[in-house]
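Engineer: Kindly produce the complete structure, drawing on both the sequences and the hints.
Protein chains in written order, with our numbering: chain F, 50 to 526; chain S, 1365 to 1801.
Read the hints as simulated data drawn from the structure, not as lab findings.
Treat each hint with caution, since some may be false.
No farther apart than 30 angstroms at their CA atoms in a straight line, the calculated lysine-lysine pairs in the DSS-like style are these [said to hold, decoys possible]:
no., chain 1, residue 1, chain 2, residue 2
1, S, K1647, F, K328
2, S, K1647, S, K1567
3, S, K1624, F, K328
4, F, K328, S, K1567
Non-contacting residues of chain S with respect to chain F, defined by C-beta distances greater than 10 angstroms in every case (computed) [to be verified]:
no., residue
5, L1397
6, A1440
7, G1451
8, S1474
9, R1494
10, E1505
11, G1517
12, S1535
13, E1561
14, P1599
15, R1639
16, K1647
17, V1727
18, E1780
19, R1785
Reference listing, derived: stretches of chain F covered by chain S, where coverage requires no fewer than 3 residues with Cβ under 8 angstroms from a Cβ of chain S [unchecked claim]:
no., region
20, 410 to 421
21, 436 to 447
Don't be surprised by glycine CBs; every beta carbon is placed ideally from N, CA and C.
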Amino acid sequence: MIRLLLLLPLILGMASAEPPDLLRLSDGSLEGHFGGITPEGKLLWLRDDADNGLSFNLDRIQHVALRGAQPQGVTGELSHVFLTNGDCLPGTIVSMDRDQLVMESAVAGQLTIPISAIASLAPNPFGGRLIYAGPFDAEAWEITLPASTDPTPEAQESKTPAWQHSGGDWYYHGGPEILRRALSMPRQSVFRMHLDWRAMPPVMIGFYSDFMAPPPLEGDEEAQQAAPRPDFTTASFGNSLILNVRGNYVSLQRCGYEKDGRPFSRMIRTDASTVQFRKRDEAELEIRTDLDEGTVTLYVDGSYMIHWNLEEEENFQPLGGGIGFGVPGNHDSLRISNLLVAEWNGMPDAARSFDHADRDLILLTNGTDRFSGEIVSIQDRRITLSGPYADLTIPLHEVAEVHLAGHQVEPPESIGNGSLAVFFQPVGRITGKIREAGPDHAVLDSPLLNQVRLDLRAASLLEYQPAGQFLNPWDEP
Amino acid sequence: MTPKFSSLTSALMGLVAITASADQILLTDGSRLTGEVVTLDREQLSLRTPLAQEDLGLKLEGVREVNFPPPPEEWADQSARVVLINGDVFPCELKAIGDETITVNTAYSSPLDVPRRLIRSLQVGLQPRRILYDGPQAGEEWSGPSAWRVENGALISLGRGPSAFDPGSISSSFSLQFQLKWARTTNLEVYFCSASESPGPQKEDRYRLQIRNHRLRLDRQSSRQNTFDTLGEVPLNPADFPQSTFQLEIRVDRDRHHLKIQLDDAEVLLDAVDRQGIPEGSKIVFNSLINEPEAMSVGPILLRAWNPIRDRHPNEERGDPTVDALIDIDGQRFGGKILGSQADSPSNSVEIQTDFSPSPLHVPMDRVSTLFFCHSDEATGRSPLLIGLPDTGLISAESCHFENQQARILHPLLGELTFRREALRALARRQLPPEEP
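Structural biologist: This is the structure:
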């Protein structure tokens, strides 16, 4: 504590050039700068108007968003290792044998991890460039009414927007507004998201959206009144693809404007319309789109579900590159987290439906080939697999994912109990009991990694409250 | 979701019972002729009939389909299936894989060499699916004798009411196949994966398939809920079934909680996932909702074990077309160069050289599921005629000439093929897009 206070003027001086941190307490929030955590469990909060800083008990703290969730030193590391407790360690795999894995992490240094703690490895997880990972902040997101919706007095007077950003998540608590963000989705893309709900509301997920506003109406008043108006989806997302999720029914919609400005909206036909969620209150959706081939494929919780073929539509305006969400006519809560948009190599990835109870699995980056057997080692950037027909030696750069047999991810019920979760950009989460922290580092006692020192310059969020607090009242508007 | 019922594929792929010994020609105006088809080409069909002194020449544009007498049953259940780059499906027995060609056998032709570059996929190791039930037969224990009777391998409805059968525990994935015929209209409920023999909305875990005149609907009945949860619904158009019959196949994938309903072996009507999981019950219940007697018949009924994994592999994306690929029965997929195989050699394995092993992998033939061969982007080879073969085979043809119980078929990719005449199940015209100038 004394050391931290001595450094305080220096910290404030350095911090003045970067966005402030945000401390969210159980009863409010406070801007300032994260000063660290003492071994006694006090969080130090630095502000210009508090000479000696402020000190908070950890049990009052929900989370700290660092530098407006704009990390100083984004690692760019997409390669990561998933632990059985749900943690995700960003870093490069150095070696592995039957007992342990060694990785070099820009945020945690060299880590030695017992194999029993590892669920999977992802040396090349997306097969392409990462376009967006978040939402670590609300920056560049827009909460807006659909273009054709006249703001009603009620909507104008509403003090609480339908969407609220908190931690690394977006929360929907009812309201007509949509949530959207401009992006540059590539023509071959992966769009992944995690959804949690109480009672699942109908969700519209817009992608390749240009958010085009309806063209101005022409002609006299009578002609304007007779002109077709865009429906909710077109008014919300403009020229776009829309994935509609209603319970376990899913449909794909193309909406937008024809070249002459007339709005249109139509469903894309396919043979299947139902999906299977493993859990009743959460799901991971992944949309793989290849606009060149005209295909959209939906995976739910890692399993292939539905495939659509898009038709050529020369009469329609081209698609855009944004994403968005809407929950029309419903007030059931929804949480959206772990959003990711990345380039994709265009392979439909039959490998993802590959499963074997007793063998380790290797999925290659080409999206088709996959092998099973026992991972013998990783050495010199090569992975050796003892398979049923022969030993295979595969360059690590050709490996997308490795899943270890019988190692399931079983996240603890909550973080809580004095534990902290540190989130990194673009990927990464490490949990553990806090030992001490400074403005740019934290020392955790991880249940699986023992003591680990983290570089907080690439961190975006420190979360104290249990991640599953979605149903608790503290996140209510 | 809206299916496109194709009488063409129904006729070619279906198991519509054709018992006549002569060829039957259905014309586009609904007229029928019987006789012996002598020749078919792009322009006309020649028919030999005792009613005329000379062969009749029919313009092919006036012919809707031709049904031949059914081929011998033992020609079904081939262990391999070649899918050509034009989509043709050729059931066969794999004899060998060479550098440039594969060699296959059939019961109705001499061995055929098929160039590897013309093959989209080769599925091997297909076993006759283990039959769990094949009936109904007289004297069997079907419940509900007042509502149904067993006659000529079918259940005949006598009025409203159910008839149920318990084939015993079905622990694996399975396929339930049955032929439905109706007199004026159809109104049938089929309960499956049921623990009870009673139809109705009681709380019970099972499925209810409703087949009504204009629609087909699949519901999940639950022991925890009062209502049916509809898994899918599709319209039916009675005009698509001029013979008042079709065959349905219900495929239940227990591992993936997946149900698929196919029409006449070809058209996927419904594709649904049951989030609650597949119920354990094994009873099958047919429930007539029509009062009048002999309104419907159900049969033959075939219940078979089914391996959904093998079915999935041929439909996988091809991936890089410049390399071969092998998928084994565990789902492993190896890209590389398939060096060859000798199906009747003692080793009986497929050799594939991958980038990840210094020597070729030897995958035992009984571990192989599907092979892909590298191919070029050649013309797709679509022709105006489609010919149905045993075991739901389907090939294109430019022409077909019959002589001495042989059929000489001019295939757009493979050239002239000579089959025994009995191998042909049906024939239909295919509408081709107009040729570009």
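Engineer: Would the least Cβ to Cβ distance between E1780(S) and chain F come out above 10 angstroms?
Structural biologist: Its Cβ never comes within 10 angstroms of chain F, the nearest being 36 angstroms, so this holds.
Engineer: Taking C-beta pairs only, is L1397(S) more than 10 angstroms away from all of chain F?
Structural biologist: holds (37 angstroms)
Engineer: Verify that the Cβ of E1505(S) lies farther than 10 angstroms from every Cβ atom of chain F, and report whether the claim holds or is violated.
Structural biologist: Its Cβ never comes within 10 angstroms of chain F, the nearest being 35 angstroms, so this holds.
Engineer: Verify the proposed pairing of K1647(S) with K328(F), using a straight-line Cα cut of 30 angstroms.
Structural biologist: holds (29 angstroms)
Engineer: Would you say R1494(S) is clear of chain F, with no C-beta pair closer than or equal to 10 angstroms?
Structural biologist: Correct as stated: the minimum Cβ-Cβ distance to chain F is 23 angstroms, above 10 angstroms.
Engineer: Would the hint linking K328(F) and K1567(S) be met if the CA-CA limit is 30 angstroms?
Structural biologist: OK: K328(F) and K1567(S) at ~23 angstroms, within 30 angstroms.
Engineer: Far enough from chain F: is every CB of that chain over 10 angstroms from the CB of E1561(S)?
Structural biologist: E1561(S) clear of chain F: closest Cβ-Cβ about 28 angstroms, beyond 10 angstroms.
Engineer: Mind taking a look at whether chain S covers the region 410 to 421 of chain F? Criterion is 3 or more residues with CB to CB distance under 8 angstroms.
Structural biologist: holds (count 7)
Engineer: Please confirm whether K1647(S) is truly not at the interface, meaning its C-beta sits more than 10 angstroms away from all C-beta atoms of chain F.
Structural biologist: Holds, since 25 angstroms exceeds 10 angstroms.
Engineer: Tell me if chain S covers the region 436 to 447 of chain F under the three-residue, 8 angstroms CB rule, please?
Structural biologist: With 8 residues closer than 8 angstroms to chain S, the region 436 to 447 of chain F meets the three-residue bar; holds.
Engineer: Does the no-contact call for P1599(S) survive, Cβ to all of chain F over 10 angstroms?
Structural biologist: holds (13 angstroms)
Engineer: Could you grab the alpha-carbon distance between K1647(S) and K1567(S) and see if it respects the 30 angstroms cut-off?
Structural biologist: holds (16 angstroms)
The structure does not agree with the numbered hints 15, 17 stated previously, though it agrees with the rest.
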